[in-house]
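Based on the sequences and whatever the hints tell you, model everything.
Take the sequence shown: its letter number 95 is residue 95 in this note's numbering, and every next letter is one higher.
Because the hints were derived from the structure by calculation, they are not lab data. You may find that some hints are simply not true.
Unchecked claim - The calculated lysine-lysine pairs, modelled on DSS-like cross-linking and capped at a C-alpha distance of 30 Å, are:
(1) K104 to K200
(2) K199 to K104
(3) K101 to K200
(4) K199 to K101
Stated by the list, open to error - Derived DEER-like restraints, expressed as beta-carbon distance ranges:
(5) R37 to G178: 21 to 29 Å
(6) E12 to D45: 22 to 30 Å
(7) V112 to T24: 30 to 38 Å
(8) P109 to S21: 41 to 49 Å
(9) V59 to S13: 16 to 24 Å
(10) L161 to I63: 17 to 25 Å
(11) L161 to T74: 17 to 25 Å
(12) L161 to T24: 54 to 62 Å
(13) I63 to G178: 19 to 27 Å
(14) R91 to T24: 47 to 55 Å
(15) T24 to N179: 39 to 47 Å
(16) L19 to R113: 24 to 32 Å
Yeah, the Cβ is synthetic: ideal placement off N, Cα and C, and Gly gets one too.
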Amino acid sequence: LLAQGKLLRFLESQQIQPLGSSETRRVDVRVIAATNRDLYQAVSDRRFREDLYYRLNVVPLAIPALRERRDDITALLDHFTGEFARRHGVRAPSYAPAARKRLKGHSWPGNVRELRNLSERMVVLHPQREIDVAELPPEIHTPIVKNASRLFQLPATGIDLNALEADVLGQALTMSSGNRSGAARLLGISRDTLLYRLKKYALD
Numbered sequence: 001l002l003a004q005g006k007l008l009r010f011l012e013s014q015q016i017q018p019l020g021s022s023e024t025r026r027v028d029v030r031v032i033a034a035t036n037r038d039l040y041q042a043v044s045d046r047r048f049r050e051d052l053y054y055r056l057n058v059v060p061l062a063i064p065a066l067r068e069r070r071d072d073i074t075a076l077l078d079h080f081t082g083e084f085a086r087r088h089g090v091r092a093p094s095y096a097p098a099a100r101k102r103l104k105g106h107s108w109p110g111n112v113r114e115l116r117n118l119s120e121r122m123v124v125l126h127p128q129r130e131i132d133v134a135e136l137p138p139e140i141h142t143p144i145v146k147n148a149s150r151l152f153q154l155p156a157t158g159i160d161l162n163a164l165e166a167d168v169l170g171q172a173l174t175m176s177s178g179n180r181s182g183a184a185r186l187l188g189i190s191r192d193t194l195l196y197r198l199k200k201y202a203l204d
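Structure follows, in structure tokens:
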């Protein structure tokens, strides 16, 4: 909390005092802050200053975890692969369709950082080659769903997945009396992910 107070003072005054100096300097900067924690809940738990939260929360952007936006995986993969190929001075490897499919199906517990590290590993180990499933790291071969039991039985006629998700979100909000953090806990997702999905279905 002490460090949070110092950060708040800097944001308010835009002044710093270099170590070993008795003078303050005014700086003209823009601050971009990111977190993987639920800061709104942290404020409620008194682990994060409320005034700092609102000072930082000027233009909030909720970016869901990578597993929540699988269509971005191959685009990021190609971006990172090209970046590391240039950095290491080698020709970028390509990915077979089966390998791309496997990567899109991975749960990515390490989020974008895990994908970035994998991209560099593939560039270093397999330059100028087409990477197939066999070349992917062992952790990629672990299936996402380990428990075969089903929570929901898909009807033979199919469903409207968007309508189902919107309905579940609405139920969670009702059960939590409109409390966003409570609804997120009921659904096992972060508050930012909940806000992203609420906006997606115009439920915010």
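Tested hints:
1. K104 to K200: 22 Å, holds
2. K199 to K104: At roughly 24 Å apart (the allowed maximum being 30 Å), K104 and K199 satisfy the hint.
3. K101 to K200: Judged against 30 Å, a Cα distance of about 25 Å means the pair holds.
4. K199 to K101: Answer holds: K199 to K101 is near 28 Å, not above 30 Å.
5. R37 to G178: 21 to 29 Å: 22 Å, holds
6. E12 to D45: 22 to 30 Å: Holds: the Cβ-Cβ distance is about 24 Å, inside 22 to 30 Å.
7. V112 to T24: 30 to 38 Å: With Cβ atoms ~37 Å apart, the hint holds.
8. P109 to S21: 41 to 49 Å: Holds: the Cβ-Cβ distance is about 44 Å, inside 41 to 49 Å.
9. V59 to S13: 16 to 24 Å: Holds: the Cβ-Cβ distance is about 21 Å, inside 16 to 24 Å.
10. L161 to I63: 17 to 25 Å: At roughly 22 Å between Cβ atoms, I63 and L161 fall inside 17 to 25 Å, so the hint holds.
11. L161 to T74: 17 to 25 Å: This hint holds: roughly 21 Å between Cβ atoms.
12. L161 to T24: 54 to 62 Å: The hinted range 54 to 62 Å holds for L161 and T24, with Cβ atoms some 56 Å apart.
13. I63 to G178: 19 to 27 Å: 24 Å, holds
14. R91 to T24: 47 to 55 Å: Between R91 and T24, where Cβ atoms are some 51 Å apart, the hint holds.
15. T24 to N179: 39 to 47 Å: 42 Å, holds
16. L19 to R113: 24 to 32 Å: 30 Å, holds
In the structure shown, no violation is registered for any of the earlier numbered hints.
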